[in-house]
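Number of protein chains: 2
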Amino acid sequence: MTAPESAPPSALQPQTVADAGEHRVIELVRSLVPPTPSWVQIGIGDDAAVIEPERNRLEVVTTDVLIEGVHFDRAFCDPASIGHKALAVNLSDLAAMGAAPRAALLSLGLPGSLPFADLEVMLRALVELATLHKVTLIGGNVARSPGPLFLDVTLTGTVKRRRVLTRRGGRVGDALYVTGSLGAAAAGLTWLRRKADEAGCAACASPVWSTEGTSDVVRDAVERFLRPQPRMRVGMIAGRTRAATACMDLSDGLADAVRQLAAASGTGAVVEAEALPIHPGAAEIFSGESKQSEQAVPVQAAVSAALSGGEDYELLLAVSRRSLRRFLAVQRLSGVPATRIGTLTAGTELVLRRDGVDEPLPAGFEHFA
Amino acid sequence: MTAPESAPPSALQPQTVADAGEHRVIELVRSLVPPTPSWVQIGIGDDAAVIEPERNRLEVVTTDVLIEGVHFDRAFCDPASIGHKALAVNLSDLAAMGAAPRAALLSLGLPGSLPFADLEVMLRALVELATLHKVTLIGGNVARSPGPLFLDVTLTGTVKRRRVLTRRGGRVGDALYVTGSLGAAAAGLTWLRRKADEAGCAACASPVWSTEGTSDVVRDAVERFLRPQPRMRVGMIAGRTRAATACMDLSDGLADAVRQLAAASGTGAVVEAEALPIHPGAAEIFSGESKQSEQAVPVQAAVSAALSGGEDYELLLAVSRRSLRRFLAVQRLSGVPATRIGTLTAGTELVLRRDGVDEPLPAGFEHFA
Numbered sequence: 002m003t004a005p006e007s008a009p010p011s012a013l014q015p016q017t018v019a020d021a022g023e024h025r026v027i028e029l030v031r032s033l034v035p036p037t038p039s040w041v042q043i044g045i046g047d048d049a050a051v052i053e054p055e056r057n058r059l060e061v062v063t064t065d066v067l068i069e070g071v072h073f074d075r076a077f078c079d080p081a082s083i084g085h086k087a088l089a090v091n092l093s094d095l096a097a098m099g100a101a102p103r104a105a106l107l108s109l110g111l112p113g114s115l116p117f118a119d120l121e122v123m124l125r126a127l128v129e130l131a132t133l134h135k136v137t138l139i140g141g142n143v144a145r146s147p148g149p150l151f152l153d154v155t156l157t158g159t160v161k162r163r164r165v166l167t168r169r170g171g172r173v174g175d176a177l178y179v180t181g182s183l184g185a186a187a188a189g190l191t192w193l194r195r196k197a198d199e200a201g202c203a204a205c206a207s208p209v210w211s212t213e214g215t216s217d218v219v220r221d222a223v224e225r226f227l228r229p230q231p232r233m234r235v236g237m238i239a240g241r242t243r244a245a246t247a248c249m250d251l252s253d254g255l256a257d258a259v260r261q262l263a264a265a266s267g268t269g270a271v272v273e274a275e276a277l278p279i280h281p282g283a284a285e286i287f288s289g290e291s292k293q294s295e296q297a298v299p300v301q302a303a304v305s306a307a308l309s310g311g312e313d314y315e316l317l318l319a320v321s322r323r324s325l326r327r328f329l330a331v332q333r334l335s336g337v338p339a340t341r342i343g344t345l346t347a348g349t350e351l352v353l354r355r356d357g358v359d360e361p362l363p364a365g366f367e368h369f370a
Numbered sequence: 002m003t004a005p006e007s008a009p010p011s012a013l014q015p016q017t018v019a020d021a022g023e024h025r026v027i028e029l030v031r032s033l034v035p036p037t038p039s040w041v042q043i044g045i046g047d048d049a050a051v052i053e054p055e056r057n058r059l060e061v062v063t064t065d066v067l068i069e070g071v072h073f074d075r076a077f078c079d080p081a082s083i084g085h086k087a088l089a090v091n092l093s094d095l096a097a098m099g100a101a102p103r104a105a106l107l108s109l110g111l112p113g114s115l116p117f118a119d120l121e122v123m124l125r126a127l128v129e130l131a132t133l134h135k136v137t138l139i140g141g142n143v144a145r146s147p148g149p150l151f152l153d154v155t156l157t158g159t160v161k162r163r164r165v166l167t168r169r170g171g172r173v174g175d176a177l178y179v180t181g182s183l184g185a186a187a188a189g190l191t192w193l194r195r196k197a198d199e200a201g202c203a204a205c206a207s208p209v210w211s212t213e214g215t216s217d218v219v220r221d222a223v224e225r226f227l228r229p230q231p232r233m234r235v236g237m238i239a240g241r242t243r244a245a246t247a248c249m250d251l252s253d254g255l256a257d258a259v260r261q262l263a264a265a266s267g268t269g270a271v272v273e274a275e276a277l278p279i280h281p282g283a284a285e286i287f288s289g290e291s292k293q294s295e296q297a298v299p300v301q302a303a304v305s306a307a308l309s310g311g312e313d314y315e316l317l318l319a320v321s322r323r324s325l326r327r328f329l330a331v332q333r334l335s336g337v338p339a340t341r342i343g344t345l346t347a348g349t350e351l352v353l354r355r356d357g358v359d360e361p362l363p364a365g366f367e368h369f370a
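Chains as they are written, first to last, in my numbering: chain A, 2 to 370; chain B, 2 to 370.
Everything labelled a hint here was simulated from the structure, so no lab data went into it. None of these values were measured; they are calculated from a predicted model. A few of these clues could be false.
Because identical chains share one entry, a pair is satisfied inside a single copy or across any pair of copies.
Listed below are the simulated SDA-like cross-link pairs for lysine to any residue, each with C-alpha atoms no more than 20 angstroms apart in a straight line [stated by the list, open to error]:
no., residue 1, residue 2
1, K135, P338
2, K161, N57
3, K161, R56
4, K161, S216
5, K196, I27
6, K196, T37
7, K161, W40
8, K161, F366
9, K161, G44
10, K196, F369
11, K161, Q42
12, K161, A274
13, K135, P35
14, K196, E224
15, K135, G201
16, K161, A176
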């Protein structure tokens, strides 16, 4: 007896995660993961994964979660962006340590009503980014969530001894640099929220707004929110060449990063507002937001987004005068420009210098506000 | 100027997690973690943790989450039990691999309204169990949850090459053993739910029912649900002495474990219902449940709990005839008795033998049912 040639797709593909059940979800993950390298002795499917550590390397481990309603909204984040970002935010943490990523675990909290097809798209995007960065998914967990969807990733990587970038190595007089540009993610989120409000269906099932017809810079800002590109090469090259004394990623905004790097290094800091490399899309998006003709308002909103908005996933680096030349080489080799935005200072004061006037550095993004 | 001698406690201790904010929560975790061993180069407080791998060992990694409303209910689980269990379920996974635990990461999803004092009790219990098993908390993440409280733990451990216990090493003819006793966790949960229903306040803030006045065996069953004790020594000794060909923990019930171990090993299995070491508290609790005079009903309910209830966190081990003597030594050395409950068979059939009659092995606990 042969199988029927065209069974209805519904018989083959479960509609929701609850239809599929835990084992089918695990099977889906397994089917998407490429063949594992030889250092993975036991991958997905046992009580735990077993791996061979890399010789002569330190191990770097981080964990970060994306929670629906906090870090993303299915009303305006497509499933692929959610999967991408769940890994990207963890990659960014390893970049900030100068580490090369290696293995990931994925812990999923899934509402039973989540469309199985959406889960597949999410996982495909995560595995695609993993493959790009030579990360192997070695295990994880699947649980039902009675509330929001969440994706909790643990990522391990390796780094050579004495090549680790920490937050605490900064010295008084070091220059502060940020990679790329700031405020794009907060502006992109603002744009998406505005579109959702206009469409009047913040609770619709997965509508994704096309950025067609908008300017390139707006489109780029929205992409930066949905699909951040972690600065792996900058971190790895800066660590390897000892071009930076300290480093941290900007997950909670520049102000938070400066505050934490300075505190860990036992210094103060001055940040020059005029030097901040504001993403051009941010000014454009916030000018639509304010609906006022004054130029100053959107610019201020963009600066504020850069300082406190978070989610830019750029790197903040402290660079000593001695290593400035090496740091220029990092920018050249990584292809990612960096901008000097301030200086580590004696004492513990944290200052934002704007039009020559000093004010206290604002707070970063506050998770429980 | 001196500080006031008795500031009101409210000024010192935030009432809720939202009052405290992310940084204060991280400070709390740091304050509870004992000084870290020298292999931890960078612990809590940077973008990622940095550790020295253990020489000549394979690394074993697992992740498991506890979600409010799925794995626990604050109406009848005290905060200390939640913290304990979040780590215990991960320890159990390492036990099933024969690994010695080493480092943990804790990813917290916290409702803003969670009492800060409850969080502290939860974390203290987790750190206490970690210390007992020589586990160092090296990092984690704190996020706001707009829904349930969740605690997601990633645990790493180490094992010698060729001493790993997997699910796939079982052979036809191997005896199946389980450690300790079965059905206690499901029965304990039943008892707690019944108490909550009787009190008519399933939604009260953290009432914890005293087990005083109940029998020792009921009290023990409730404890097994709230504070499972992972079988670390059994797993480690069985792995080290090669006393078992395959192993798995019983997180989703015996039926699920037998199904998965047999499938991974390419065998079938027979489980003898009469041989199951039912926890004495389970029969007692389920006899109260059924409210019927017939003895058969509670016993059947207890057997069903043992097979499909899950959360017992005992180990299922396959033992070859050759290594039976070594396996008896494991029981003696670990102080944990094990009971032969079945056999791996040729083919792929999974059979429950009850009163000499064969029936299909029931399903294990289904997470999305």
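TODO: Give the relationship of K161 and W40 under a CA distance limit of 20 angstroms: within one copy only, between copies only, both, or neither.
DONE: both (18 angstroms within a copy, 15 angstroms between copies)
**Q.** Within, between, both or neither: K161, G44 at alpha-carbon 20 angstroms
**A.** Cα proximity of K161 and G44: across copies only (17 angstroms, versus 25 angstroms in one copy).
Q. Within a copy, between copies, both or neither: where do K196 and T37 come within 20 angstroms Cα-Cα?
A. neither (41 angstroms within a copy, 49 angstroms between copies)
Fill in: Intra/inter-copy verdict for K161 and N57 if alpha-carbon distance must be at most 20 angstroms
both (7 angstroms within a copy, 18 angstroms between copies)
Requested in this report: Give the relationship of K135 and P338 under a CA distance limit of 20 angstroms: within one copy only, between copies only, both, or neither.
Outcome: For K135 and P338, neither the intra-copy (24 angstroms) nor the inter-copy (45 angstroms) Cα distance is at most 20 angstroms.
* Using 20 angstroms as the alpha-carbon threshold, which applies to K135 and P35: within, between, both, or neither? -> within (11 angstroms within a copy, 35 angstroms between copies)
Checklist entry - Given identical chains, is K161 near R56, meaning Cα to Cα at most 20 angstroms, within a copy, between copies, both, or neither? => result both (10 angstroms within a copy, 16 angstroms between copies)
| query | When no copy is named, should K161 and Q42 be tagged within, between, both, or neither for a Cα gap of at most 20 angstroms? | reply | The answer is between: 12 angstroms across copies meets 20 angstroms, while 23 angstroms in one copy does not.
| task | At 20 angstroms max between alpha carbons, let me know whether K161 reaches A274 within a copy, between copies, both or neither. | result | Cα proximity of K161 and A274: none, with 36 angstroms in one copy and 55 angstroms across.
- Item | Homo-oligomer pair classification [I27, K196; C-alpha up to 20 angstroms] | neither (35 angstroms within a copy, 36 angstroms between copies)
As a check of your reading, is K196 near E224 (CA-CA no more than 20 angstroms) within one copy, between copies, both or neither?
within (15 angstroms within a copy, 52 angstroms between copies)
| field | Homo-oligomer pair classification [F369, K196; C-alpha up to 20 angstroms] | value | neither (25 angstroms within a copy, 34 angstroms between copies)
Checked against the numbered hints given earlier, the structure breaks hints 1, 4, 5, 6, 8, 10, 12, 15 and 16 and satisfies all the rest.
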